[in-house]
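Construct all of the structure, not just a fragment, from the sequences and the given hints.
Chains as they are written, first to last, in our numbering: chain A, 1 to 143; chain B, 1 to 143; chain C, 1 to 143; chain D, 1 to 143.
The hints are simulated quantities; they were obtained by calculation from the structure and are not laboratory data.
A couple of the hints might just be wrong.
What the hints assert, rightly or not - Some chain B residues close to chain C (C-beta under 10 Å, calculated; not the full set): (1) F18; (2) V20; (3) D21; (4) S22; (5) W27; (6) N30; (7) C131.
Keep in mind the model is a prediction, meaning the values are calculated, not measured.
Even glycine gets a Cβ: it sits at the ideal position worked out from N, Cα and C.
4 protein chains.
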Amino acid sequence: MKAKALLSTTTELEVQFFDVDSMRVVWHGNYVKYLEVARCELLKLFDYNYLQMEASGYMWPIVDMRLKYVASARLSEWITIEARLVEYQTRIKIEYIVRDKATGAVLTKAHTIQVAVEMSTGEMSFNTPQCLLDKLAPFLEKE
Amino acid sequence: MKAKALLSTTTELEVQFFDVDSMRVVWHGNYVKYLEVARCELLKLFDYNYLQMEASGYMWPIVDMRLKYVASARLSEWITIEARLVEYQTRIKIEYIVRDKATGAVLTKAHTIQVAVEMSTGEMSFNTPQCLLDKLAPFLEKE
Amino acid sequence: MKAKALLSTTTELEVQFFDVDSMRVVWHGNYVKYLEVARCELLKLFDYNYLQMEASGYMWPIVDMRLKYVASARLSEWITIEARLVEYQTRIKIEYIVRDKATGAVLTKAHTIQVAVEMSTGEMSFNTPQCLLDKLAPFLEKE
Amino acid sequence: MKAKALLSTTTELEVQFFDVDSMRVVWHGNYVKYLEVARCELLKLFDYNYLQMEASGYMWPIVDMRLKYVASARLSEWITIEARLVEYQTRIKIEYIVRDKATGAVLTKAHTIQVAVEMSTGEMSFNTPQCLLDKLAPFLEKE
Numbered sequence: 001m002k003a004k005a006l007l008s009t010t011t012e013l014e015v016q017f018f019d020v021d022s023m024r025v026v027w028h029g030n031y032v033k034y035l036e037v038a039r040c041e042l043l044k045l046f047d048y049n050y051l052q053m054e055a056s057g058y059m060w061p062i063v064d065m066r067l068k069y070v071a072s073a074r075l076s077e078w079i080t081i082e083a084r085l086v087e088y089q090t091r092i093k094i095e096y097i098v099r100d101k102a103t104g105a106v107l108t109k110a111h112t113i114q115v116a117v118e119m120s121t122g123e124m125s126f127n128t129p130q131c132l133l134d135k136l137a138p139f140l141e142k143e
Numbered sequence: 001m002k003a004k005a006l007l008s009t010t011t012e013l014e015v016q017f018f019d020v021d022s023m024r025v026v027w028h029g030n031y032v033k034y035l036e037v038a039r040c041e042l043l044k045l046f047d048y049n050y051l052q053m054e055a056s057g058y059m060w061p062i063v064d065m066r067l068k069y070v071a072s073a074r075l076s077e078w079i080t081i082e083a084r085l086v087e088y089q090t091r092i093k094i095e096y097i098v099r100d101k102a103t104g105a106v107l108t109k110a111h112t113i114q115v116a117v118e119m120s121t122g123e124m125s126f127n128t129p130q131c132l133l134d135k136l137a138p139f140l141e142k143e
Numbered sequence: 001m002k003a004k005a006l007l008s009t010t011t012e013l014e015v016q017f018f019d020v021d022s023m024r025v026v027w028h029g030n031y032v033k034y035l036e037v038a039r040c041e042l043l044k045l046f047d048y049n050y051l052q053m054e055a056s057g058y059m060w061p062i063v064d065m066r067l068k069y070v071a072s073a074r075l076s077e078w079i080t081i082e083a084r085l086v087e088y089q090t091r092i093k094i095e096y097i098v099r100d101k102a103t104g105a106v107l108t109k110a111h112t113i114q115v116a117v118e119m120s121t122g123e124m125s126f127n128t129p130q131c132l133l134d135k136l137a138p139f140l141e142k143e
Numbered sequence: 001m002k003a004k005a006l007l008s009t010t011t012e013l014e015v016q017f018f019d020v021d022s023m024r025v026v027w028h029g030n031y032v033k034y035l036e037v038a039r040c041e042l043l044k045l046f047d048y049n050y051l052q053m054e055a056s057g058y059m060w061p062i063v064d065m066r067l068k069y070v071a072s073a074r075l076s077e078w079i080t081i082e083a084r085l086v087e088y089q090t091r092i093k094i095e096y097i098v099r100d101k102a103t104g105a106v107l108t109k110a111h112t113i114q115v116a117v118e119m120s121t122g123e124m125s126f127n128t129p130q131c132l133l134d135k136l137a138p139f140l141e142k143e
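See below:
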């Protein structure tokens, strides 16, 4: 059962030659880029991209990342990356599913966890910064 | 408490400019490359690098990878990556600790899990291939 | 004056966080990826992507690449990459112009040169392979 | 005939799996990283790495880069990268030769050109900054 998501989005990408390894599949480390592309699309939904994070006085480094590889993406295939915001209190947790676009087959499941760090002090914030709650307010109301 | 390792090795690297992001620290996805460099050094210890894997009729794709980010590596710093073989039966599990070389401070903890896939059939092997056991035999005897 | 192009195409991309360096601009080496994305779009126009190249018995390694950097792309900016096929006899020469999408300002000018290598022999082909001429025939007739 | 170099250095690297493409050779764009590793070693010779550049008030973006690919590096091969400082007045020009370490065969020839940009103004400097001349003075005296 999937965790309930406050927000989700699906991004599409074509597998490029430079991401493919000598086994003719995407090198496992390159999925981290795909997650980032999808995460950025998700953050855009509530107006909180990297530049907006900085403007809010916080950065949100990733402190935990896990990827489970089920099947392989190949050159010139299109993939979809679903990103789902499943936690936003104290920390941001996003879950991802990478799929083969043509067949819908699951290729990779992943999650990332980010915490807020105040840029002025370099200190990790143990409460959710108000700026994030403000950004998410329109979506929280809908629930 | 760390799992007991059959084999371990420590690799050193200097953080390069192209691995550093706009926060002036190594982009989190680039640690996956550091793990691979260390893993390849570990595999060399028992004569089982990627080309030798192929020659043995197996590939060993990564099916699970987790990284926990504790602190950040910066441009021009030297890091050490300790890689430890903690499982070799049925699957290969390697644990990693990335440290700041100068201070010894832990930057990242990680693990990867690889399974054997027979290249002729594309089938996953549920038993440890004999070729791996043969490669590890000299180290198993010492235990 | 620009060389006359048999075919051209323009691709759009958003600059991702993982492509940006500590000077907060795209690392110069990452433009090579942008060129490849655009080149692949150009090759698609005449049904000759990497997989189709292989099927035709040839690979087309890049033997010469030059980039002139005029200005810098920044995080979250959209860029356009124009790719123009300016030579196809004996070798493939493609010229590129990377622009800031919003302003049209030129960021990078580049070219790549590829030669045909017969896969069965590993020998470089000094004449244009017939397969390439066949692929380009519909466009050559229009001229 | 090679241009005379004020300073030169040779760096060694082992080709990693993540740099190799589906043709089982190093992807052409990854040589840009190898050049950077060698360039950084060269800059260290006169105490002018990226952090020292910044401390001197200048950055030195690459404005021109050319690579000629002669032969291919393969997985697990060791390569050497010779970097030679051939111009330092007005601009920095470095020439590179990448070789197969085992055979000495030339794989890639390249050059990069960098110009000084004053960080406080963002203006390109048309004269060589005094800080660079000071760094190079010990080597200029020897000539």
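Exercise for review: If any of the earlier hints don't hold here, list their numbers in rising order.
Suggested key: Failing hint: just 7.
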